[in-house]
Amino acid sequence: MALQSLDITRSSATTTPSPSQRQTPEVAKLIDISKCIGCKACQVACMEWNDTRDTIGTNHGVLDNPLDLTENSWTVMRYSEVETDRGLEWLIRKDGCMHCTEPGCLKACPAPGAIVQYSNGIVDFHEESCIGCGYCITGCPFNIPRLSKKDSKVYKCTLCSDRVAVGLEPACVKTCPTGAIMFGTKEAMLHHAEGRIIDLRSRGFAKAGVYDPQGVGGTHVMYVLQHADRPEIYSGLPREPAIGPLVELWKGAAKPVASLALAAVGIGAFFHYVTKGPNEVSEKIEKEFKDEK
Amino acid sequence: MKNDPDKLLRFTAPERVNHWLVAIMFFLLALSGLAFFHPLFYPLSQLFGGGVWTRILHPYFGLAMIFSFGGMFFRFRKLSIVTPADREWLGHVREIVNGDHRNMPEAGKLNGGQKLMFWSLVACMALLVLSGIVIWRAYFSFLFPVVVIRFAAVVHALAGAIMVALIIGHIYIAIWTKESIDAMLYGRVRRAWAKQHHPAWFREITGGDK
Numbered sequence: 001m002a003l004q005s006l007d008i009t010r011s012s013a014t015t016t017p018s019p020s021q022r023q024t025p026e027v028a029k030l031i032d033i034s035k036c037i038g039c040k041a042c043q044v045a046c047m048e049w050n051d052t053r054d055t056i057g058t059n060h061g062v063l064d065n066p067l068d069l070t071e072n073s074w075t076v077m078r079y080s081e082v083e084t085d086r087g088l089e090w091l092i093r094k095d096g097c098m099h100c101t102e103p104g105c106l107k108a109c110p111a112p113g114a115i116v117q118y119s120n121g122i123v124d125f126h127e128e129s130c131i132g133c134g135y136c137i138t139g140c141p142f143n144i145p146r147l148s149k150k151d152s153k154v155y156k157c158t159l160c161s162d163r164v165a166v167g168l169e170p171a172c173v174k175t176c177p178t179g180a181i182m183f184g185t186k187e188a189m190l191h192h193a194e195g196r197i198i199d200l201r202s203r204g205f206a207k208a209g210v211y212d213p214q215g216v217g218g219t220h221v222m223y224v225l226q227h228a229d230r231p232e233i234y235s236g237l238p239r240e241p242a243i244g245p246l247v248e249l250w251k252g253a254a255k256p257v258a259s260l261a262l263a264a265v266g267i268g269a270f271f272h273y274v275t276k277g278p279n280e281v282s283e284k285i286e287k288e289f290k291d292e293k
Numbered sequence: 001m002k003n004d005p006d007k008l009l010r011f012t013a014p015e016r017v018n019h020w021l022v023a024i025m026f027f028l029l030a031l032s033g034l035a036f037f038h039p040l041f042y043p044l045s046q047l048f049g050g051g052v053w054t055r056i057l058h059p060y061f062g063l064a065m066i067f068s069f070g071g072m073f074f075r076f077r078k079l080s081i082v083t084p085a086d087r088e089w090l091g092h093v094r095e096i097v098n099g100d101h102r103n104m105p106e107a108g109k110l111n112g113g114q115k116l117m118f119w120s121l122v123a124c125m126a127l128l129v130l131s132g133i134v135i136w137r138a139y140f141s142f143l144f145p146v147v148v149i150r151f152a153a154v155v156h157a158l159a160g161a162i163m164v165a166l167i168i169g170h171i172y173i174a175i176w177t178k179e180s181i182d183a184m185l186y187g188r189v190r191r192a193w194a195k196q197h198h199p200a201w202f203r204e205i206t207g208g209d210k
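Residue numbers (the numbering used here), protein chains in the order written: chain A, 1 to 293; chain B, 1 to 210.
Next up, chain A with everything else stripped away, as it sits in the complex (with noise of 0.2 Å):
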């Protein structure tokens, strides 16, 4: 256990309880993007903190850099303009690990407890116990995991659960300089999003809502949208995240029906020696060639 004093509600390719005396309460990051700024603070927040320095890259013509999240870079600005009813609009998202409550990630994990949700919500990697398959970038809904050249183990947001931990808010949150970033209990969080979306809808953006998708039971990052109806405009954000059939029968179904069946098939084939007997020379062949030995 890598935090001792964070319970684990669930933990990769574990079929037993994991250690879960306590019950902390749900812990979530609410972002504003109708208060976001593009400072990208919170990018250089997330390095600081966790020590992760990327390697230096190209200038694209975009204000995004880098391009995309990597082993090092575990949350990442994506500014995008689009035409809204409301005329050009300028929409920045910091994307990074949604914290699911339903994590396709450790549904997909192969190694016993490399990947572990907290019983505050938080969902971990444990890079000792990774084994680098990548199994957990195939499970994953928002294609966040990354896995390094340099050690072959996957890395993301930890929404800091080392400072979550000792009651600290996690690093992006205590930089950001307009409030854009909150952070407190999931309920907490929900209740200031409500406040959020009432001022929005006043100020013009009927459709304001929070990003909270329910096809992965909900999330411990969520989002509020100005255009919560087309969470795609926001750089690709999943209108309908969730755990897809394939991922579901990958590692639901098939697994223990198909174990059944190997056992079946080796018991079977046992009784059926136990009832028939072996197949061998019948005697009247035996006596034909009776010479030969």
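Don't read these hints as lab results, they were simulated from the structure.
Backbone N, C-alpha and C define an ideal beta-carbon position, used for all residues, glycine too.
Misleading hints may appear alongside valid ones.
As the list claims (entries may be wrong) - With beta-carbon atoms standing in for the labels, derived distance ranges:
1) F142(B) - V274(A): 47 to 53 Å
2) I66(B) - E283(A): 43 to 49 Å
3) L185(B) - G236(A): 56 to 62 Å
4) G179(A) - A123(B): 56 to 62 Å
5) V122(B) - E283(A): 47 to 53 Å
6) R77(B) - H126(A): 44 to 50 Å
7) G252(A) - G207(B): 56 to 62 Å
8) I56(A) - R75(B): 53 to 59 Å
9) T83(B) - A263(A): 31 to 37 Å
10) V97(B) - E283(A): 20 to 26 Å
11) E240(A) - R77(B): 24 to 30 Å
Starting from the known structure of chain A, fit chain B onto it as the hints suggest.
Using the frame of chain A, we list chain B on its own:
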């Protein structure tokens, strides 16, 4: 004497070597693959030096399997062509299960069941190779969209499970049918055995009843 020249040669030395290479690769692949299949089997990864080594080695075992199974395919594909006589043989399910030879149509060098096993394994192997390339994260997965990778993961798991089931069946039938394993271990079988289990082949190579 196990390899008495008076006995009938069923499988040549190269065929036997090829078969056992495939068998060794199968065990390495099945044991390492099962480690990722269900948490119950994860301890199998210890056989290969832990989870990371198992993840590294499994696809390379697969590469070795492509070559060894490829050899089997080209050696046995003509022999495994299913004929109408084989279809009739396969229709006698009850007699096959009971090991009752009295009313069975005459089997050739390979019977209908063995041919069906061959083509089932070929199909599984093709699916495993194709899907395995897609989910080989270190070198190939980045070439494919995530939906294709998810589909390949399902195909790989199911084809692998079917393959293991087929091989359990294959091994059992080799134990059940006494002396048949001699054919693959030493190459030669007794004339009586050949007449009992593969009468059409027996007549073809001896030209008679004895």
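Legend entry - Violated hints, by number in ascending order, as checked against the structure: 5, 11
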